[in-house]
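Participant: Each chain is listed here by its residues.
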Amino acid sequence: MKRLLCFALFVALLAGCTTTPEVVEPAKTNNVSDYSADFLREWMKLECRIVKETAGFLPPQASRAFGYVGITAYEAAYSGIANAKPLAGQINRLLPATMPVPLPLNVRYHWGMVVNAAVADMMRKMFDKNLSAANLEKINQMETANYTAFLKTTSKILADESVKHGQAVAQAIYEYSITDGGHDSYLNPFSRPFTPVTGVDKWVPTDAKNLTPLSPYWQKCRPILTSNMTYANPVKPLEFSTEKTSEFYKQAVAVYNQVKNNTPEQVEITKFWADDPFATCTPTGHTFNIMTQLLEETNATLEKAVVGYAMLGIAEIDAFIACWKAKYDYSLIRPVSYIQKYIDPNFQTVIGTPAFPAYTSGHATEIGVGERIFTKLFTNGDGNYTITDRSQVQHGFAPRKFTNFAAMSQECANSRLYGGIHYEMDNQNGLLMGRGIGNNVLSAIQWPQNVK
Amino acid sequence: MKVKILIGVCLGSLAVMSCQKMDQTQLEKDAQLMAKLECEARQLKEERFKAANDIRLMEDSLAKNKLPLSAAKSAEIDSVKESYTLRTGVLADKITKTMDSLFANSYHTPEERQQFDEATEKVLLKICQ
Chain R
1 MKRLLCFALF
11 VALLAGCTTT
21 PEVVEPAKTN
31 NVSDYSADFL
41 REWMKLECRI
51 VKETAGFLPP
61 QASRAFGYVG
71 ITAYEAAYSG
81 IANAKPLAGQ
91 INRLLPATMP
101 VPLPLNVRYH
111 WGMVVNAAVA
121 DMMRKMFDKN
131 LSAANLEKIN
141 QMETANYTAF
151 LKTTSKILAD
161 ESVKHGQAVA
171 QAIYEYSITD
181 GGHDSYLNPF
191 SRPFTPVTGV
201 DKWVPTDAKN
211 LTPLSPYWQK
221 CRPILTSNMT
231 YANPVKPLEF
241 STEKTSEFYK
251 QAVAVYNQVK
261 NNTPEQVEIT
271 KFWADDPFAT
281 CTPTGHTFNI
291 MTQLLEETNA
301 TLEKAVVGYA
311 MLGIAEIDAF
321 IACWKAKYDY
331 SLIRPVSYIQ
341 KYIDPNFQTV
351 IGTPAFPAYT
361 SGHATEIGVG
371 ERIFTKLFTN
381 GDGNYTITDR
391 SQVQHGFAPR
401 KFTNFAAMSQ
411 ECANSRLYGG
421 IHYEMDNQNG
431 LLMGRGIGNN
441 VLSAIQWPQN
451 VK
Chain U
1 MKVKILIGVC
11 LGSLAVMSCQ
21 KMDQTQLEKD
31 AQLMAKLECE
41 ARQLKEERFK
51 AANDIRLMED
61 SLAKNKLPLS
71 AAKSAEIDSV
81 KESYTLRTGV
91 LADKITKTMD
101 SLFANSYHTP
111 EERQQFDEAT
121 EKVLLKICQ
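As you go down the protein sequences, you meet chains R and U in turn. At position 104 of the first sequence the residue is numbered 104 (this note's numbering), and the sequence of numbers has no breaks. At position 84 of the second sequence the residue is numbered 84 (this note's numbering), and the sequence of numbers has no breaks.
So here's chain R without its partners, still in its complex pose:
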């Protein structure tokens, strides 16, 4: 009896020493793929709106803003994705030592909170000096609303750690971005004063407001992948000539005839892809909107969203650097200037010609990268996907339907010919550049596979 009493007391003592009386359950998984991407898609829509409303965010500057936000979202969340590697150590001069180290995996970050804090902070930093008070308020409101919603599913301590990590990643990527050559370029996007090169084959102003071309030093920006510049080195444009039998003249005549004989459908295509006057968030924004739509309609999780936006972001940044390098290497005269001088002085394009040289087409280059990345993420490699691009419905366009991403990018490239904005060589070589960059972004970086 005494023995039994002693044993019972001993057991009671042991039990009293235990601090966690409940049964220990095996840890639940805490992968980025367990989280919804809804909130991140909303961030990207907000970024589109801010690009439209913020002075100085023209196509190159916009590609940079979207790109770094995409990179930040991935870098903040990669440690919660199985077998994912950080971009630090894989992309140009982003050193692992400069990045905050995520806490061990047994610390259960709320990945939604991590990404929310990182993206909010990066957006404030990207638009910085030109961010209106109203848009700053929108960013703050969205950040708080997401935080409050997420807080219901985690503890305050873990929420604080998650926010801290997200903000630390944003700060590190921002510091990386400062040295890329494009920092603050939105304050003087035309890099004025600038004296354009002159010559019979050279770009001349196409409107009275912009007498110098856009971002003439953009090619000096640091690419995210140096190898992209090799893949995106286009062949030389056709030799300039005013001879009627020359290939160059024929390209100009092709533009002229196309514009003269456009069908109403072709005029609509021109405007649809033009990312039209005063309204849209530039070609990069359009392609990001398509990504957002694809993520939504395939029920992609936060995992696929951060990977997708990072892939596209890196590729878009480098597409614009490479394209702008070609533009200023050759400084080629626009079709409108050539045609008015040598073919028909009364020639008018369908839409206004942007203020920078012709070769190669920015639209074609940037949609080329989109094509490759969408093909990788949303198809088995053949590019077949029935997409109805509704991103321009908000701007008064009917949705456009495609059954293959290559057909979509080809239409975007063709739209510049229909508009009288580009020669055919600008479009086709731009597409090749973009596809080269897109493929290289997919292969040169070790991305996590089979993301959900």
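FYI, nobody ran anything at the bench for these hints, they're computed from the structure.
Below 20 Å or equal to it, Euclidean Cα-Cα: the simulated SDA-like pairs (lysine to any residue) are:
{"#": "1", "chain 1": "U", "residue 1": "LYS81", "chain 2": "R", "residue 2": "ALA55"}
{"#": "2", "chain 1": "R", "residue 1": "LYS341", "chain 2": "U", "residue 2": "ASN65"}
{"#": "3", "chain 1": "R", "residue 1": "LYS202", "chain 2": "U", "residue 2": "LYS64"}
{"#": "4", "chain 1": "U", "residue 1": "LYS50", "chain 2": "R", "residue 2": "VAL267"}
{"#": "5", "chain 1": "R", "residue 1": "LYS209", "chain 2": "U", "residue 2": "ALA51"}
{"#": "6", "chain 1": "U", "residue 1": "LYS64", "chain 2": "R", "residue 2": "VAL200"}
{"#": "7", "chain 1": "U", "residue 1": "LYS122", "chain 2": "R", "residue 2": "PRO399"}
{"#": "8", "chain 1": "U", "residue 1": "LYS97", "chain 2": "R", "residue 2": "PRO399"}
{"#": "9", "chain 1": "U", "residue 1": "LYS66", "chain 2": "R", "residue 2": "PRO345"}
{"#": "10", "chain 1": "U", "residue 1": "LYS94", "chain 2": "R", "residue 2": "ASP38"}
{"#": "11", "chain 1": "R", "residue 1": "LYS341", "chain 2": "U", "residue 2": "MET58"}
{"#": "12", "chain 1": "U", "residue 1": "LYS97", "chain 2": "R", "residue 2": "GLU53"}
{"#": "13", "chain 1": "U", "residue 1": "LYS66", "chain 2": "R", "residue 2": "ALA355"}
{"#": "14", "chain 1": "U", "residue 1": "LYS97", "chain 2": "R", "residue 2": "GLU42"}
{"#": "15", "chain 1": "U", "residue 1": "LYS94", "chain 2": "U", "residue 2": "SER106"}
{"#": "16", "chain 1": "U", "residue 1": "LYS64", "chain 2": "R", "residue 2": "ALA355"}
{"#": "17", "chain 1": "U", "residue 1": "LYS50", "chain 2": "R", "residue 2": "PRO264"}
{"#": "18", "chain 1": "U", "residue 1": "LYS81", "chain 2": "R", "residue 2": "ASN130"}
{"#": "19", "chain 1": "U", "residue 1": "LYS64", "chain 2": "R", "residue 2": "ASN346"}
{"#": "20", "chain 1": "U", "residue 1": "LYS81", "chain 2": "R", "residue 2": "ARG49"}
Just so you know, these numbers come straight off a predicted model, no measurement behind them.
Take the given structure of chain R and dock chain U to it, following the hints.
Facilitator: Just chain U now, kept in the frame of chain R:
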């Protein structure tokens, strides 16, 4: 027994038919709502492109006559652009939110969305000339 089964089948069919009818009514209602907004956006788009074209023609004529763009004219152009950007932004926001909400709540599959697009376009053809 047979009569009971027959009544059951009839009632079931009626329920399915009324449900389809309700869906059709909802589709028409949603399409009407979306078409109204899209019509506004299409009209604004036409205005925007016309304004851009007017600006372009004015600039072309200055360039042809080798005249500089005055600071006042430049400010006027900026103000026109800003006004259109804001108007377009507000409307775009409204359309995006409406479409997102309809898709999230009622039109989930690509087929349903395609049906919705077609219904909207049909209304647009009627109301938006």
